[in-house]
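*Asks:* Here's the letter readout for the chains.
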Amino acid sequence: AQRVTQPEKLLSVFKGAPVELKCNYSYSGSPELFWYVQYSRQRLQLLLRHISRESIKGFTADLNKGETSFHLKKPFAQEEDSAMYYCALKMGSNYQLIWGAGTKLIIKP
Amino acid sequence: GAGVSQSPRYKVAKRGQDVALRCDPISGHVSLFWYQQALGQGPEFLTYFQNEAQLDKSGLPSDRFFAERPEGSVSTLKIQRTQQEDSAVYLCASSKTGPSGTEAFFGQGTRLTVV
Numbered sequence: 001a002q003r004v005t006q007p008e009k010l011l012s013v014f015k016g017a018p019v020e021l022k023c024n025y026s027y028s029g030s031p032e033l034f035w036y037v038q039y040s041r042q043r044l045q046l047l048l049r050h051i052s053r054e055s056i057k058g059f060t061a062d063l064n065k066g067e068t069s070f071h072l073k074k075p076f077a078q079e080e081d082s083a084m085y086y087c088a089l090k091m092g093s094n095y096q097l098i099w100g101a102g103t104k105l106i107i108k109p
Numbered sequence: 001g002a003g004v005s006q007s008p009r010y011k012v013a014k015r016g017q018d019v020a021l022r023c024d025p026i027s028g029h030v031s032l033f034w035y036q037q038a039l040g041q042g043p044e045f046l047t048y049f050q051n052e053a054q055l056d057k058s059g060l061p062s063d064r065f066f067a068e069r070p071e072g073s074v075s076t077l078k079i080q081r082t083q084q085e086d087s088a089v090y091l092c093a094s095s096k097t098g099p100s101g102t103e104a105f106f107g108q109g110t111r112l113t114v115v
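Protein chains in written order, with my numbering: chain A, 1 to 109; chain B, 1 to 115.
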């Protein structure tokens with residue numbers, strides 16, 4: 001079955017340290033992967049999608065089909081990065097998104 | 001407002017009560033999605049509309065759940081005879097184009113608590 005796994009429920013790092021939020025997926029077809037972010041008391045919003053290969057707020061993510069991973073990285077964490085991060089999978093032309101359970105990122109001053 | 005609007009933001013229902021949750025998508029957005037998010041979990045797909053047509057309701061957990069979007073704009077998710085396991089945040093999202101496409105914009109959700 002298709003699945004998205006975010007193994008860390010909570011990740012706490014110091015300001016200025018590198019951050020890596022892990023995401024693994026299970027899908028045999030051609031996936032489209034997304035990272036969504038939810039800041040405190042705000043709505044879910046798209047952070048980035050793998051097909052656009054862009055860097056948003058210093059975050060990048062590379063789709064590794066061999067490892068079925070789409071880890072989110074940032075070289076130097078900032079306090080304003082503290083939020084819930086969700087990885088989501090779109091399977092081919094199917095419009096449904098399959099979501100991971102989310103990782104809460106806390107950046108310590 | 002330019003965003004997706006959901007109301008009410010919070011709803012407490014007694015077990016067995018019917019509830020109706022409203023979603024106002026971004027004007028002109030073709031696609032509308034409902035998701036259910038239980039505590040500590042990611043969102044789970046409930047149903048999808050393209051304009052007024054409900055193209056997929058495979059995620060609705062039981063026949064107590066019903067969604068409509070009669071004029072292709074506002075959508076209502078109705079839950080009949082609520083039960084405690086229905087307690088969750090219900091998220092609505094809309095996107096500009098049809099199913100193959102673009103970024104989905106989310107509302108702030110309705111937190112339903114069934115007591």
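These are calculated hints, taken from the structure and not from any lab test.
There may be inaccurate statements among the hints.
Think about it this way: if two alpha-carbon atoms lie no more than 27 angstroms apart in a straight line, the pair counts; the simulated DSSO-like pairs of lysine-lysine are [unchecked claim]: (1) 57(A) x 9(A); (2) 11(B) x 104(A); (3) 108(A) x 15(A); (4) 108(A) x 22(A); (5) 96(B) x 57(A); (6) 57(A) x 73(A).
Stretch-level coverage of chain B by chain A, calculated; a stretch enters the list once three of its residues show a Cβ under 8 angstroms from a Cβ in chain A [claimed, not checked]: (7) 36 to 45; (8) 105 to 111.
Where is the CB? At the ideal position from N, CA and C, for every residue including glycine.
*Asks:* For this structure, which hints from the list above don't hold up?
*Replies:* Hint check: nothing fails, all pass.
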